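Take these sequences, add in the hints, and give me the full structure.
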Amino acid sequence: MGRTIRPIRYEVEAQLDELRRYIKSLRKQDRKHFEELYADVKKHISSISYSNPLNPHELMQWSAILELEKKIGKLKKELKAIKS
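Numbered per my numbering, the sequence shown finishes at 84, counting up by one with no gaps.
To be clear, the hints were calculated from the coordinates, so they are not data collected in a lab. Just so you know, not all the hints are guaranteed correct.
[Said to hold, decoys possible] Straight-line alpha carbon distances no greater than 25 Å define the calculated DSS-like cross-link-like pairs of lysine-lysine that follow:
1. 71 <-> 43
2. 71 <-> 42
3. 42 <-> 32
[To be verified] Restraint ranges, calculated between C-beta atoms of paired labels, are given here:
4. 29 <-> 65: 28 to 34 Å
5. 43 <-> 75: 14 to 20 Å
6. 5 <-> 83: 50 to 56 Å
7. 19 <-> 70: 20 to 26 Å
A quick note: this is a predicted structure, and the numbers were derived from the prediction, not measured. Cβ atoms here follow ideal geometry from the backbone N, Cα and C, with glycine treated the same way.
In structure tokens form, the structure reads like this:
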């Protein structure tokens with residue numbers, strides 16, 4: 001007998017696919033930023049799959065927040081280097 005529940009990786013991909021229509025409806029300048037978030041979430045699909053959540057949506061949001069935090073940290077370092 002096979003799996004009765006789809007793997008989480010497929011659930012994440014399905015939710016990201018649903019967002020594609022939303023992305024297309026955004027203004028061009030907003031679309032660019034949302035597509036970056038979309039790509040950031042895709043970087044963490046393996047981690048989301050490993051944790052095996054019932055609803056991966058929350059972890060998708062945390063993945064996007066993590067990537068934003070990393071970008072902010074990088075900008076802070078660059079700003080500090082410029083000021084020095």
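Hints versus structure:
1. 71 <-> 43: 14 Å, holds
2. 71 <-> 42: 16 Å, holds
3. 42 <-> 32: With Cα atoms ~16 Å apart, residue 42 and residue 32 stay inside 25 Å; holds.
4. 29 <-> 65: 28 to 34 Å: About 21 Å separates the Cβ atoms of residue 29 and residue 65, which means 28 to 34 Å is violated.
5. 43 <-> 75: 14 to 20 Å: 18 Å, holds
6. 5 <-> 83: 50 to 56 Å: 52 Å, holds
7. 19 <-> 70: 20 to 26 Å: Because 21 Å falls inside the window, the suggested range holds.
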